[in-house]
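Participant: Sequence:
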Amino acid sequence: MRRILATGIGMQLCLGAVVLSGCSGLLDSMNATEAAVALMLHVEAQDNPLKPGDASARIPEATAFSLCFGQIDRAKLQQATDGKQLAQDGAWTGIKDAVVKLDFTDAAGTAQQITIPTAASEANALNLPVSFKGDGFYGISSKEAQLLSYNPASDYTVTVSWSGKQYQLKTRPAQPVKIKEFEDHGSKMWAPYPAGQAFTVTRDPSTDNPVQDNPEAFVLLSETKADGSTSLAYTNAPQTPQAFTNLMLDDTAYRANSFTIPGDKIVAGRGYAVTITAVAKGFPVEGSANTALFTGSQFLAGTADAGGLKAE
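Per my numbering, the sequence shown starts with residue 2, numbered consecutively.
Treat the hints with caution; some may be incorrect.
Okay, derived cross-link-like pairs now, DSS-like style, lysine-lysine, Cα gap no bigger than 30 Å in a straight line [stated by the list, open to error]:
1) K282 / K77
2) K181 / K311
3) K282 / K181
4) K144 / K266
5) K266 / K179
6) K171 / K226
7) K311 / K144
8) K181 / K102
9) K166 / K97
Simulated from the structure, these hints should not be mistaken for laboratory data. The structure presented is a predicted model; accordingly, all values stated were derived computationally and were not measured.
Using the sequences provided together with the hints, build the complete structure.
Facilitator: Right under this line is the structure:
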């Protein structure tokens, strides 16, 4: 169970969250109002469905990092019931004046630290939530910061400084999963693919385990251009402050064995990149220098498996 109540918040999620040194850590997280969700997603370079085999038109490798940081109004959290969201409108208020830094070790063994700006652009290399605008959203991609790189053997730590306090989250990226539909198809390129037909993205290897045992996963459908650039057509990733809040409170929807991209997103004559990213979940770092974050705050990181569709 990953749902929590507005009263007694924290018990269910804390059981699987972090090893606490004592009751004070548990109580601090239950009483905290500042919350954070960080995402770091990576995708390898891939063929362009519009120009397969053309090296000059390939979709480039990219990494993107984003952070949603703000305050939770506990009075606007509600008990989960069938089909109802956990966070009401206004449950989240973004904090715009924080200083955000990301620390990691790159593949060459060099320690890197990147300052993460307020997310202000509409477009980025992965078309991920890093493109959000507004208070509390911070983000950057390897398109803007070449030092931002993906190293599955490294821990990644995000440090947020605000109002004289410090908050930290730490994770190590998850192992990737494959898209079963492309594996069964025998090719990473599906051309032609019937326009208007929904596309199912299934984790491979598929599992009979309960969905709560699956890592969270995000699916993206990006329309490709002839030059290898992309624009977001569909994603199940959080796209609003309310969705980020609900991700903290109940991640069940992201643990499914398969996800469906609606058929109306696949238009004749267009090429698409399809990705699934399984993510490892990291949690707040405890310590005397760090202030507790709201229960459910997390750092998600992973690399994508990708394939292409040419709709006709």
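Participant: Is K181 within 30 Å of K311, Cα to Cα?
Facilitator: 18 Å, holds
Participant: Decide if the proposed pair is consistent with the structure: K171 and K226, CA atoms, cutoff 30 Å inclusive.
Facilitator: 35 Å, violated
Participant: Run the distance test for K144 versus K266: straight-line Cα separation, threshold 30 Å.
Facilitator: Holds, at roughly 26 Å.
Participant: CA of K266 to CA of K179, is that 30 Å or under?
Facilitator: Holds: K266 and K179 sit about 22 Å apart, inside 30 Å.
Participant: Measure nothing beyond the straight line between the CA atoms of K311 and K144; if it is 30 Å or shorter, mark the hint as holding.
Facilitator: 25 Å, holds
Participant: Under the criterion that the straight-line Cα-Cα distance not exceed 30 Å, is the pair K166, K97 satisfied?
Facilitator: 15 Å, holds
Participant: Check the hint pairing K282 with K77 against an upper bound of 30 Å on the C-alpha distance.
Facilitator: 25 Å, holds
Participant: Take the C-alpha atoms of K282 and K181, compute the straight-line distance between them, and say whether it is at most 30 Å.
Facilitator: 23 Å, holds
Participant: Does K181 pair with K102 here, judged by a C-alpha cut-off of 30 Å?
Facilitator: Distance of about 36 Å is beyond 30 Å: violated.
In this structure, the hints that do not hold are numbers 6, 8, in rising order.
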